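Trainee: One-letter residues, chain by chain:
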Amino acid sequence: MKNTESPGLSERFNARSIREFSSKNAIVLVLIGLVVFIGFVQSSFLSLDNLVNILRISSVRLIIALGCGGILITAGTDLSAGRTVGLAAVIVASLVQRPDYASKIFPSLPYLPLFLPILAGVAAGLIVGIINGFVVAFLKVPPFIATLGTMVIAQGASSLYVDRPPRGAQPIGGLRGDFTDLGTGSLGFNDTWAIPTIILIAFVIFFLYWVMLNKTRLGKNIYAIGGNLNAAVVSGVNVKKNLITVYVLGGILYGLAGVLLAARSGGATNNYGQMYELDAIAAAVIGGVSTNGGIGTAGGILTGVLIFEVLNNGLVVLGVSAYWQMVVKGIIIVSAVALDIRKYTKKR
Amino acid sequence: MSGNEFILEMKNISKNFPGVKALDDVSLRVRPGSVHALMGENGAGKSTLMKCLFGIYQADGGEIILDGKPVSFANTKQALDAGISMIQQELLPVPQRSVMENFWLGRFPVKNYGLVRLVDHKKMYADTKAVFDDLKMDISPNTKVINLSVSKIQSMEIAQAVSYHSKVIIMDEPTSSLTENEVAHLFTIIRKLRSEGVSIIYISHKIEEILEISDEVTIMRDGKHIGTYPDKELTTELIINRMVGRTLTNRFPPRENKPGEVFLKVENYTSTVERSFKDVSFEVRRGEIFGIGGLVGAQRSELVESLFGLRGVKSGTISINGKTAVITNPIQAKKYRIALLTEERRTTGIFPVLSVLDNTLIANLDHYVRKSRLLDRKRGDKDAKDSIEKLRVKTPSAATHIENLSGGNQQKVIVARWLLTEPDILILDEPTRGIDVGAKYEIYSIIADLAKSGKTIIMISSEMPELIGMSDRIMVMCEGRVTGILDGKKATQEQIITLATQFM
Numbered sequence: 001m002k003n004t005e006s007p008g009l010s011e012r013f014n015a016r017s018i019r020e021f022s023s024k025n026a027i028v029l030v031l032i033g034l035v036v037f038i039g040f041v042q043s044s045f046l047s048l049d050n051l052v053n054i055l056r057i058s059s060v061r062l063i064i065a066l067g068c069g070g071i072l073i074t075a076g077t078d079l080s081a082g083r084t085v086g087l088a089a090v091i092v093a094s095l096v097q098r099p100d101y102a103s104k105i106f107p108s109l110p111y112l113p114l115f116l117p118i119l120a121g122v123a124a125g126l127i128v129g130i131i132n133g134f135v136v137a138f139l140k141v142p143p144f145i146a147t148l149g150t151m152v153i154a155q156g157a158s159s160l161y162v163d164r165p166p167r168g169a170q171p172i173g174g175l176r177g178d179f180t181d182l183g184t185g186s187l188g189f190n191d192t193w194a195i196p197t198i199i200l201i202a203f204v205i206f207f208l209y210w211v212m213l214n215k216t217r218l219g220k221n222i223y224a225i226g227g228n229l230n231a232a233v234v235s236g237v238n239v240k241k242n243l244i245t246v247y248v249l250g251g252i253l254y255g256l257a258g259v260l261l262a263a264r265s266g267g268a269t270n271n272y273g274q275m276y277e278l279d280a281i282a283a284a285v286i287g288g289v290s291t292n293g294g295i296g297t298a299g300g301i302l303t304g305v306l307i308f309e310v311l312n313n314g315l316v317v318l319g320v321s322a323y324w325q326m327v328v329k330g331i332i333i334v335s336a337v338a339l340d341i342r343k344y345t346k347k348r
Numbered sequence: 001m002s003g004n005e006f007i008l009e010m011k012n013i014s015k016n017f018p019g020v021k022a023l024d025d026v027s028l029r030v031r032p033g034s035v036h037a038l039m040g041e042n043g044a045g046k047s048t049l050m051k052c053l054f055g056i057y058q059a060d061g062g063e064i065i066l067d068g069k070p071v072s073f074a075n076t077k078q079a080l081d082a083g084i085s086m087i088q089q090e091l092l093p094v095p096q097r098s099v100m101e102n103f104w105l106g107r108f109p110v111k112n113y114g115l116v117r118l119v120d121h122k123k124m125y126a127d128t129k130a131v132f133d134d135l136k137m138d139i140s141p142n143t144k145v146i147n148l149s150v151s152k153i154q155s156m157e158i159a160q161a162v163s164y165h166s167k168v169i170i171m172d173e174p175t176s177s178l179t180e181n182e183v184a185h186l187f188t189i190i191r192k193l194r195s196e197g198v199s200i201i202y203i204s205h206k207i208e209e210i211l212e213i214s215d216e217v218t219i220m221r222d223g224k225h226i227g228t229y230p231d232k233e234l235t236t237e238l239i240i241n242r243m244v245g246r247t248l249t250n251r252f253p254p255r256e257n258k259p260g261e262v263f264l265k266v267e268n269y270t271s272t273v274e275r276s277f278k279d280v281s282f283e284v285r286r287g288e289i290f291g292i293g294g295l296v297g298a299q300r301s302e303l304v305e306s307l308f309g310l311r312g313v314k315s316g317t318i319s320i321n322g323k324t325a326v327i328t329n330p331i332q333a334k335k336y337r338i339a340l341l342t343e344e345r346r347t348t349g350i351f352p353v354l355s356v357l358d359n360t361l362i363a364n365l366d367h368y369v370r371k372s373r374l375l376d377r378k379r380g381d382k383d384a385k386d387s388i389e390k391l392r393v394k395t396p397s398a399a400t401h402i403e404n405l406s407g408g409n410q411q412k413v414i415v416a417r418w419l420l421t422e423p424d425i426l427i428l429d430e431p432t433r434g435i436d437v438g439a440k441y442e443i444y445s446i447i448a449d450l451a452k453s454g455k456t457i458i459m460i461s462s463e464m465p466e467l468i469g470m471s472d473r474i475m476v477m478c479e480g481r482v483t484g485i486l487d488g489k490k491a492t493q494e495q496i497i498t499l500a501t502q503f504m
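As you go down the protein sequences, you meet chains G and L in turn.
Heads up: the first sequence begins at 1 in the working numbering, then just goes up one per residue.
Heads up: the second sequence begins at 1 in the working numbering, then just goes up one per residue.
Don't read these hints as lab results, they were simulated from the structure.
Predicted, not measured: the structure shown is a model, and the values here were computed from it.
A few of these clues could be false.
Claimed, not checked - For the chain G half of the interface with chain L, some residues (derived, Cβ under 10 Å), not all of them:
#1 Ala26
#2 Gly173
#3 Val211
#4 Ala231
#5 Val233
#6 Ser235
#7 Gly236
#8 Asn292
#9 Gly299
Don't be surprised by glycine CBs; every beta carbon is placed ideally from N, CA and C.
Excised from the complex, chain G in its bound form:
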């Protein structure tokens, strides 16, 4: 809600409004604090190159976290996210190998127009999403179990896909330049005034997801289903249809994320996307999405992803060992959520 009255200066800066502001925006403040702190200790962190790099990496993660976030808001969860990303990555990569590349997975594959491989990758995600949605909405299997199943299936499927005799399960490399441009190239007037394509794509997806959550029936229904499933049924919300849709949307986004991941890294293996689902859930939760359902915003998810990636990058820049990085990340996840949950647990 917009506040239509404009408060006086004294009101605007009193202690209570500051406290309210910081409790509402705790997560954004954490992000800013992290950036300032890391930048203060190691100024190279704040270089344009490094910041753009963080955003590039965040782009793929954001798309996954959005897909997952919508599902979390319905009080569901999606463990298959990471492996679906991996499956889409190997599929798209196998279809865009350079014609002259020596160990192609499909040696006689003709040169395909770019949209076809991309579509194939996204379709793989779509199929996983349909299965998830069907199993959750119609067979009433708890989302944790349903997506645990598809997670394992997706991993098996991507390994089967890659492992072709006589070639064996090798990484898929030698991707076409027009494809990797999606992940590494930029769009703009000239070299100085250009934005990396992958960041643009992530931004568009973010915008669309924001519109979906805030401006469509689907979005409203997602919040309602997560907020009180029984009341949603009584209110005449088509729970099955909406649940399937949100899982399918998730699947499509994982597929797209897989495509972009392959484009950014210039290849794919059957290990791609491992653990991404947990990172996505953690980022969404850090961003204020409630695993009890009904609560969460696209902006929050974006903030959560940025915190996560700033941390990842920052710890490396600060020279923290890989093992300590994990410990620190774990602590940040729990404390960020403990902080955020204060908003909702005041009374009772």
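Got chain G sorted already, so can you dock chain L onto it with the hints?
Mentor: What follows is chain L alone, placed relative to chain G:
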């Protein structure tokens, strides 16, 4: 045992909830080794009083004296340890676990094995068996609770109360889902306990039962103590009179609705569930307020939830405005322009963490979809705001989470939600439950206005003054069957109680 005249004295107990005085200076004195019945209409404060005794609520005023000593319980564990137990059927602890594990939950016997303490299953089994044998109950301690019948579960809980060496056992509507034989068995147990010096506080609506089993009867009304009478002095008429005995003043707005032609016709509606409603037929007119009365367990909510497609029916037909309607889910019900305000506001009504605005719009989003498939938030927000303003919902802003509103205002938001769907038939299940008196009047006015505007209204209520004060006609149900349809202007509370207890 001490030689006190009373084992339990509750003196001048008061309890306030926001906007409601639930208990007003209530006293209850129970003699050792007696069955003390506690009676009153729904909402008279019986359960609240017992919850204050059992440590679920803390009384705002008054004192409790148990066995000569003043006590106050911060939680049920303390009450149990002090010798007070309560048998509540809906509070099944852990249905998937065994009888004995439920029995000793919170006080498992343990055995020391050097440094470790493990649960002593042998002792647990033997102790459980001993209590059951003593009470001549045929329950295996190893059965899972989920596999027991209602009556067996109740027996188990009584045995559990005995195992706590309870001096006072509270039984809240213990016979509501028992068969006749099971009731007879329960009474045998109660008599045995009484002969051993245990006191029973027995809450029930069933007058016959009260007259059969109780030694003394305390009657409550509107959160007040009306009187305590020895069983011998009481007759059915006297009890009803004391329970009801109130004059209707201006608690209801004037009604100017004029019932028109028959709009909804329900014929031979029978539930798929064996013990639920059977063979229910009635007609409701346009612009009519049709009340449904009965006791808790009369299957009224089940009936209206079936009309709305939330529950299944085995047989029966509905016709709306002369046309047969088939309704198997709420989405269809909405297409027939039916709206349902459910009884359980918390579990099936509000979306606690969503805004008042979103709570208002959720049932009517289809109405605000533009060609672009996006929602027309401006129009939706405006309609929602108009609607909550018209119903005078008191909220800091439309963006406030609904969980922060009072019960009455939450209820008004849900009414607003359904009004936005422009229903022809509005079903209200206990529309004023848990709402303070002022807000009640506002809800009544809203209902009266809707009827005046030609809507067909079905209202379930367990409060008889409300039924009589608001309804054009009143259908009374007992144990799933219709026992009568009364003219609202002429109906009396006595008539309704008689019909509501016809099969008891």
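Trainee: For every hint, state whether the structure bears it out.
Mentor: Hint check:
Hint status for G:Ala26: violated, given a least beta-carbon distance of 17 Å to chain L, over 10 Å. Hint status for G:Gly173: violated, given a least beta-carbon distance of 42 Å to chain L, over 10 Å. Hint status for G:Val211 relative to chain L: holds, with the closest Cβ pair at about 7 Å, below 10 Å. Contact between G:Ala231 and chain L, as hinted, is supported at the beta carbon level, the nearest pair being about 5 Å apart and thus within 10 Å.
Annotation: G:Val233 was flagged as interfacial toward chain L, and the flag holds, the nearest CB pair being 6 Å apart, inside 10 Å. The interface hint given for G:Ser235 is met, as the beta carbon of that residue sits about 4 Å from the closest beta carbon of chain L, less than 10 Å. Because the smallest distance between the Cβ of G:Gly236 and any Cβ of chain L comes to about 4 Å, under 10 Å, the interface hint for this residue holds. The closest approach between the C-beta of G:Asn292 and any C-beta of chain L is roughly 9 Å, which is under the 10 Å cut-off, so the hint is satisfied.
Interface restraint check: G:Gly299 against chain L, minimum CB-CB distance 16 Å, threshold 10 Å, status violated.
Hints 1, 2 and 9, counting from the list given before, are not met by this structure.
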